[in-house]
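J.: Heads up: the sequence lines are chains V and G, in that order. Under my numbering, the first residue of the first sequence is numbered 10, with each subsequent residue one higher. Under my numbering, the first residue of the second sequence is numbered 10, with each subsequent residue one higher.
Hints may contain errors.
Note that identical chains are pooled: a pair holds if it fits in a single copy or bridges any two copies.
The list that follows gives simulated cross-link-like pairs (lysine-lysine, PhoX-like), each with its CA atoms no further than 25 Å apart [unchecked claim]: (1) Lys-152 with Lys-220; (2) Lys-90 with Lys-152; (3) Lys-196 with Lys-152; (4) Lys-53 with Lys-152; (5) Lys-58 with Lys-152; (6) Lys-220 with Lys-53; (7) Lys-53 with Lys-196; (8) Lys-74 with Lys-220; (9) Lys-220 with Lys-90; (10) Lys-53 with Lys-90; (11) Lys-196 with Lys-220; (12) Lys-58 with Lys-90; (13) Lys-196 with Lys-90.
No lab work stands behind these hints, which were simulated from the structure alone.
Number of protein chains: 2
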Amino acid sequence: MTIELYYWPSIQGRGEFVRLALEAAGAAYVDVAREPGGQARMLKLMGDKGLPHPPFAPPFLVEGKIMVAQTTAILLYLGPKLDLAPADEAGRLFTHQLSLTLADLTAEAHDTHHPIGVSLYYADQRPEALRRASEFREQRIPKFLGYFERVMAANPVGDTHLVGRALTYADLGLFQVVEGLRYAFPKAMQARERGWPRVIALRDQVAALPKVAAYLASDRRIAFNTDGIFRHYAELDG
Amino acid sequence: MTIELYYWPSIQGRGEFVRLALEAAGAAYVDVAREPGGQARMLKLMGDKGLPHPPFAPPFLVEGKIMVAQTTAILLYLGPKLDLAPADEAGRLFTHQLSLTLADLTAEAHDTHHPIGVSLYYADQRPEALRRASEFREQRIPKFLGYFERVMAANPVGDTHLVGRALTYADLGLFQVVEGLRYAFPKAMQARERGWPRVIALRDQVAALPKVAAYLASDRRIAFNTDGIFRHYAELDG
Numbered sequence: 010m011t012i013e014l015y016y017w018p019s020i021q022g023r024g025e026f027v028r029l030a031l032e033a034a035g036a037a038y039v040d041v042a043r044e045p046g047g048q049a050r051m052l053k054l055m056g057d058k059g060l061p062h063p064p065f066a067p068p069f070l071v072e073g074k075i076m077v078a079q080t081t082a083i084l085l086y087l088g089p090k091l092d093l094a095p096a097d098e099a100g101r102l103f104t105h106q107l108s109l110t111l112a113d114l115t116a117e118a119h120d121t122h123h124p125i126g127v128s129l130y131y132a133d134q135r136p137e138a139l140r141r142a143s144e145f146r147e148q149r150i151p152k153f154l155g156y157f158e159r160v161m162a163a164n165p166v167g168d169t170h171l172v173g174r175a176l177t178y179a180d181l182g183l184f185q186v187v188e189g190l191r192y193a194f195p196k197a198m199q200a201r202e203r204g205w206p207r208v209i210a211l212r213d214q215v216a217a218l219p220k221v222a223a224y225l226a227s228d229r230r231i232a233f234n235t236d237g238i239f240r241h242y243a244e245l246d247g
Numbered sequence: 010m011t012i013e014l015y016y017w018p019s020i021q022g023r024g025e026f027v028r029l030a031l032e033a034a035g036a037a038y039v040d041v042a043r044e045p046g047g048q049a050r051m052l053k054l055m056g057d058k059g060l061p062h063p064p065f066a067p068p069f070l071v072e073g074k075i076m077v078a079q080t081t082a083i084l085l086y087l088g089p090k091l092d093l094a095p096a097d098e099a100g101r102l103f104t105h106q107l108s109l110t111l112a113d114l115t116a117e118a119h120d121t122h123h124p125i126g127v128s129l130y131y132a133d134q135r136p137e138a139l140r141r142a143s144e145f146r147e148q149r150i151p152k153f154l155g156y157f158e159r160v161m162a163a164n165p166v167g168d169t170h171l172v173g174r175a176l177t178y179a180d181l182g183l184f185q186v187v188e189g190l191r192y193a194f195p196k197a198m199q200a201r202e203r204g205w206p207r208v209i210a211l212r213d214q215v216a217a218l219p220k221v222a223a224y225l226a227s228d229r230r231i232a233f234n235t236d237g238i239f240r241h242y243a244e245l246d247g
């Protein structure tokens, strides 16, 4: 069955966690809103009042009769199909839990440039953004990445992955978060990332996977930019 | 097997979504941190470097060999066991998707009083909170509750529940969110809630369930307060 991904066509954003999973697995999919006329089709579908399972916002995925929104729910659905989730219940649940924690970190990264509200431009909330970004750099990045380092160190079967000994969508998500943080906060990350050696090694391992490397080098990988979730504004990088 | 819930003992917070599910199902559980010495036990367990699946933060749940954190992952795990999730995959996934959207709304409600950072007091971010709360009241509450109203209206088997025709943990979560918003933003909610008649009818239906009513009347239900996620500060209610 064809997998259709619906997400904003000009940013990585939350959709990138899904794109990375599909690409790493070599899955066939259509990135609908990037096709000609696709964004209009996405908006029309979202507005259809007859949908039994409407999305609150992109990304959402359609496969046959399944329509599922929320990044982490999409990954929960795709994980086993793409062989990117452990076979056992406890492992699957923990992979999902990690994915939710990555989503929390991502939402907080977004709020560094939008601390007051999504309906306002960055320029309209810049003083607040300066304060929030400082807290994020000093307190939150170390707390989150320190947690993922701890999880890898405690992995009973080895410290090369977050869960088990094979690649999961949580590993891909951690790669994406490190890339996003490096783009948005290069100085803050450079000053700190030696404190999380396992996390950085996993980032390097994921980047070197042939399918991921091919994707990153392709024009399917949208560049980070200041419309996305991870944004580089020099004044927000301490 | 005994279900142990670990969460901060003096607030409803995110743990309340789990407490409500356990209570509505009449499940036996221990609210560990509310027992004598329980909060110290919770903190000690969280700090145990040998845990293969450590939580990033409370709430977390332990049942036999399962340890699971993140409110929505806990509900995903408990839903089928407590008969609070549909039997079919699409229904289960949609229930989870709605639960994630309720968690997003809850996080945004939190950020109305903490727009700059969790390490600071409300008093240290009051001007920013006034701006963020205004956006939240005017834009975000209507967007979220309007979405849940739409979901109920589009439910193919009737508009009395979010998913299917039986109670799910998503219904319980929507009840909790309405209660929290009414506590935190009574004026804003009173001015608007007639726009979401199905949502309010579901709130009333949940409140009247015998097990839920008994729980709400008991001392197990912690009162809303200004240490929790939903906080009432009169100046933030427009």
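J.: Run every hint past the structure and note whether it holds.
T.: How the hints compare with the structure:
no., hint, result
1, Lys-152 with Lys-220, "neither (31 Å within a copy, 39 Å between copies)"
2, Lys-90 with Lys-152, "neither (32 Å within a copy, 33 Å between copies)"
3, Lys-196 with Lys-152, "within (17 Å within a copy, 37 Å between copies)"
4, Lys-53 with Lys-152, "between (40 Å within a copy, 18 Å between copies)"
5, Lys-58 with Lys-152, "between (42 Å within a copy, 15 Å between copies)"
6, Lys-220 with Lys-53, "neither (33 Å within a copy, 42 Å between copies)"
7, Lys-53 with Lys-196, "neither (42 Å within a copy, 34 Å between copies)"
8, Lys-74 with Lys-220, "neither (28 Å within a copy, 35 Å between copies)"
9, Lys-220 with Lys-90, "within (17 Å within a copy, 39 Å between copies)"
10, Lys-53 with Lys-90, "neither (28 Å within a copy, 37 Å between copies)"
11, Lys-196 with Lys-220, "neither (29 Å within a copy, 54 Å between copies)"
12, Lys-58 with Lys-90, "neither (29 Å within a copy, 32 Å between copies)"
13, Lys-196 with Lys-90, "neither (38 Å within a copy, 47 Å between copies)"
Taken one by one, the earlier hints fail for this structure at numbers 1, 2, 6, 7, 8, 10, 11, 12, 13, listed in ascending order.
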